[in-house]
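2 protein chains.
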Amino acid sequence: MTDNRLNIKLEFAKKVVKHAGAYIKAHMTDTLEISEKTHFDDLVTNLDREVQDMLITKIQELFPGDHILAEENNVRHDINDGNVWVIDPIDGTTNFIVQKDNFAVMLAYYESGIGKLGLILDVMKDTLYWGDGSTTYKNDAQISLSVAPLAQSLIGVSTYMYRTNAGGLLDLSHQSLGVRAIGSAGIEYTNILDGKIWGYFSNLSPWDYAAGAILIAPFGYVTVQLDGSPMSFEGRQMMMSIPKQQLEKLSRPIKN
Amino acid sequence: MTDNRLNIKLEFAKKVVKHAGAYIKAHMTDTLEISEKTHFDDLVTNLDREVQDMLITKIQELFPGDHILAEENNVRHDINDGNVWVIDPIDGTTNFIVQKDNFAVMLAYYESGIGKLGLILDVMKDTLYWGDGSTTYKNDAQISLSVAPLAQSLIGVSTYMYRTNAGGLLDLSHQSLGVRAIGSAGIEYTNILDGKIWGYFSNLSPWDYAAGAILIAPFGYVTVQLDGSPMSFEGRQMMMSIPKQQLEKLSRPIKN
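These protein sequence lines are chains A and B, in that order. Residue 15 is where the first sequence starts when you use our numbering, and the numbers rise one by one after that. Residue 15 is where the second sequence starts when you use our numbering, and the numbers rise one by one after that.
Where hints are given, some of them may not hold.
Because identical chains cannot be distinguished in the list, a pair is counted as satisfied if it fits within a single copy or across any two copies.
[Claimed, not checked] Distance condition first, Cα-Cα at most 30 Å in a straight line; then the derived BS3-like pairs of lysine-lysine: (1) Lys39 with Lys130; (2) Lys258 with Lys114; (3) Lys152 with Lys258; (4) Lys152 with Lys29; (5) Lys51 with Lys72; (6) Lys51 with Lys139; (7) Lys139 with Lys114; (8) Lys114 with Lys263; (9) Lys39 with Lys28; (10) Lys39 with Lys139; (11) Lys258 with Lys130; (12) Lys114 with Lys51; (13) Lys32 with Lys139; (14) Lys114 with Lys32; (15) Lys28 with Lys139; (16) Lys72 with Lys29; (17) Lys139 with Lys152; (18) Lys72 with Lys152; (19) Lys39 with Lys152; (20) Lys39 with Lys114; (21) Lys29 with Lys139; (22) Lys152 with Lys114.
Keep in mind the hints are simulated off the structure, nothing from the lab.
Go ahead and model the full structure; you've got the sequences and the hints to work with.
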């Protein structure tokens, strides 16, 4: 990473994400204020909002010209317009509430739509995955990853897409050793980076994939819609993060 | 636990299960010999067999009158006949092979069909869950568990049963915060004990549920077939491990 300006942002990002994780851990046994967003199973807590506010405040303090695209409170800057930080304060909020495990803090940084920095903190494992799109680190160790054939691998899935065979996912799963469902996009991306799953299929919002897409890119992974077209970084989209050489085979017209 | 004879068996069981876990950890980065059992996605390794043989040898050495019901090599003693040790040397073999994580060593001890001792070792977390059916411990700490309402909980599932709505599982899942699929019955039972899932629905063999059923019993859980009848400890059966007060509501005639 030769760009000094970017390096400053990387060091900043690592610091604030770790701080966010420490804050969540310190407060996770407090009584949480839990609210429903769209439905009884779509939850947010006061900690999601506090952590997002904290991250936004720090970004605006140090980089006042930069913009924010974030999960809570409808903070939605266009990814293609200037310098944009993408924030998921607690990814896997249901896991956070119910399990106190299997959730992540995610932060990504894009310039004019190009991913420059990605960070995923597995909070309960104290493990930070971070990178710039050309190399990825797990804490202090650079990750090297060789992708196994599908027939010797597991797939991370959205259970809805799996059971409805969206994108042919159920059919594809029969060519693998099986599927796993964890309930956090962030943790699924760390599982790709750890070689635990071959690919990931889900229905995601920008903050769910912004960091992960950057972190898996060095290993030949693409993150695309089911027809193979780029993610829009707007709204929710069914997507797949898969080895690039599988892209042609797995892309298919999207049924509406 | 006042029965001294049983206490000797418990201390023995804790020791051999921990030893098995240490053996697996010491050899898991060796080149594994992987064989298919019934299908390309039903795998066994040399370590499954070595660990099972080791456990059987030690049981027969110390308790020559006892019998064995075990996963590999067709060791199938009737659970209702005398003293029976039930062994799953590596539960979650696919996870073991692919992920090197999320697998367990399981051992249970039954007398005339009554569960007396259950042990599940989460190998990679170095965490041993053990108990006698009236109390359950996680390493050295006695577990206390209060079960949350389904609407505030997650369910552990077999993805096949989930997508085919076997036992009404898909319908039931809509009353919960969602489903999770881990790929190891042993880890699912530890997730019940950790309060991470409310219940578990799968298609299991005796060695998959023998230990778990004993460990969750102190918290009001039953492990039964989908029609509410007892497990047979023969062959694979679709089953559920659920809070007992939900039994009448969730039991239903099994469709063939």
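A quick look at each hint next to the structure:
no., hint, in the structure
1, Lys39 with Lys130, "within (28 Å within a copy, 38 Å between copies)"
2, Lys258 with Lys114, "between (34 Å within a copy, 25 Å between copies)"
3, Lys152 with Lys258, "within (22 Å within a copy, 43 Å between copies)"
4, Lys152 with Lys29, "within (15 Å within a copy, 34 Å between copies)"
5, Lys51 with Lys72, "within (26 Å within a copy, 55 Å between copies)"
6, Lys51 with Lys139, "within (28 Å within a copy, 34 Å between copies)"
7, Lys139 with Lys114, "both (11 Å within a copy, 16 Å between copies)"
8, Lys114 with Lys263, "between (38 Å within a copy, 29 Å between copies)"
9, Lys39 with Lys28, "within (17 Å within a copy, 32 Å between copies)"
10, Lys39 with Lys139, "both (11 Å within a copy, 19 Å between copies)"
11, Lys258 with Lys130, "within (19 Å within a copy, 52 Å between copies)"
12, Lys114 with Lys51, "within (20 Å within a copy, 37 Å between copies)"
13, Lys32 with Lys139, "both (12 Å within a copy, 23 Å between copies)"
14, Lys114 with Lys32, "both (17 Å within a copy, 26 Å between copies)"
15, Lys28 with Lys139, "both (16 Å within a copy, 26 Å between copies)"
16, Lys72 with Lys29, "within (11 Å within a copy, 51 Å between copies)"
17, Lys139 with Lys152, "both (12 Å within a copy, 19 Å between copies)"
18, Lys72 with Lys152, "within (24 Å within a copy, 41 Å between copies)"
19, Lys39 with Lys152, "both (20 Å within a copy, 22 Å between copies)"
20, Lys39 with Lys114, "both (9 Å within a copy, 27 Å between copies)"
21, Lys29 with Lys139, "both (17 Å within a copy, 27 Å between copies)"
22, Lys152 with Lys114, "both (22 Å within a copy, 17 Å between copies)"
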